[in-house]
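Engineer: Model the full structure from these sequences, guided by the hints.
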Amino acid sequence: MIDAKWLRERPEALRQALTDKGVSVDVDALVRMDQERREIIITVDALKQQRNEISKAVGERKRQGENADDLIARTGDLIEEIKALDTRLKELEADFEQTLLTVPNPAHPSVPVGQDPSENPVVRTWGEPLEATDFPLKNHLELGEALGLFDFARGTKITGTGFPLYTGAGAKLERALINFMLDMHTQKHGYTEVFPPFLVNRTSLTTTGQLPKMEEDMYLAQVDDLFLIPTAEVPVTNIHQDEIIPEKELPLRYTAYSACFRREAGSYGKETHGFLRVHQFNKVEMVKFVRPETSYDELETLRRDAEDVLEALNLPYRVLELVTGDLSFAAAKCYDLELWAPGEKRWLEVSSCSNFEDFQARRGNIRYKPRTGEKPHYLHTLNGSGVATARLLVAILENNQQPDGSIQVPEALVSYFGAETISADDA
RNA sequence: GGAGAGAUGGCCGAGCGGCUGAAGGCGCACGCUUGGAAAGCGUGUAUAGGCAACCCCUAUCCAGGGUUCGAAUCCCUGUCUCUCCGCCA
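All residue numbers for the first sequence refer to this note's numbering, where the first residue is 2 and numbers rise by one.
Keep in mind that a hint or two might mislead.
[As the list claims (entries may be wrong)] Listed below are the simulated EDC-like cross-link pairs for lysine to aspartate or glutamate, each with C-alpha atoms no more than 16 Å apart in a straight line: (1) 376 x 244; (2) 346 x 143; (3) 91 x 40; (4) 370 x 294; (5) 49 x 81.
These are computed hints drawn from the structure, not numbers from a lab.
Structural biologist: Have a look at this one:
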């Protein structure tokens, strides 16, 4: 949620920022609501003051055994008026709040203005994308099915399309990846591991920004009005919902494995085969709660921590900085990490590292208490995938394939996986 | 799912319809004390909104309604937590 101060002090800047983000919001209507709201508050507070003074005087008299009927008689109109104004104020504030929740987070000034994902500048490339070899490169589906790593047909039978069933070495490889990443973040990068609920309520989704606008993208368990998480960002960010954290405890860094569920409504078609776009996938997520002054440094180290995973697995990747129009609803700045998949001959997004500044903190009422004893302030939240498998698995298979169709397991993964290769003989 | 108990500040915990934004304790911050520390002593310490304003005003004792001139305190509804029983990985 944006700070309502924007509306009073810099409505023009807000309008421009929202245009850059490619969203149209009726800023004038918000400004009007805010003004009317404040006018009513001024009036009704003054009336309440009068009422309180009279009540106090009544109490004074009663204590001395005197009659106070004349004073009580004076409150009649006052009370009616207060009731009416309070009712109107309440409606107005609810309306204002609801509207404010639909306003996206403006981008940080450093973010390049642009509309289309194709405009996202590449800020870094690591490793050599594998283009040509002396044998024909297969894609992950061909490799995996031959090796019995997964079974899409049966996954579809069990649930429907986009719900992968991992089998044998594939299941183990997936588990190895998750453990490898969690260990790296906890042992090397200083994160605290958590294992969150996979179902969340509406309040939690409002904090992180999926609600109220993206309800259609999620799976809903209707009877209990709970949603399957699209990312561990949701439960983990809400760990500190409605809390005031002492400054000395910041930064807080969490890492969590979770399955992620996304309906991906409207994205059927090509580019969705195999693991490229599925409804359920596994992801190790990193979430940070930090002091505002440090959040952009923390974004860089967050990205570094995600890159570390890819480098340890020796996978070529590139980093994109998202232009204003490609930023998500809640993000002020975001980097995407993409792995090269030689079998698919394309880059696959495996991580998004974002700074939300105080946008989520304001929605979830997450604050910190400064050392100096000042009043609590909203802190800044960040999160990044560290990283999303399914696509990570795709890249590992395609980058480490051998002429005979077997897979060389990346060295860093061997101790987790328990073997150096995956071949058809093992199956 | 059935029965009962409860929800007060960062935490614990008191609270008669008015003088209670809320006793007391803990914690925390600062100061005194000390060679240094502990102990001890003193002072301070909720949040939000309005306002130029740390003065002031308004609101907040789970949430929403109600009674009343006045509600943490009385009434109704809801939510959540705990205990016991049932079911269950």
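Engineer: Would you mind marking each hint as holding or not holding in the structure?
Structural biologist: Comparing the hints with the structure gives:
| no. | hint | verdict |
| --- | --- | --- |
| 1 | 376 x 244 | holds, 14 Å |
| 2 | 346 x 143 | holds, 14 Å |
| 3 | 91 x 40 | holds, 13 Å |
| 4 | 370 x 294 | holds, 14 Å |
| 5 | 49 x 81 | holds, 11 Å |
This entry satisfies every hint, going by the numbered hints stated previously.
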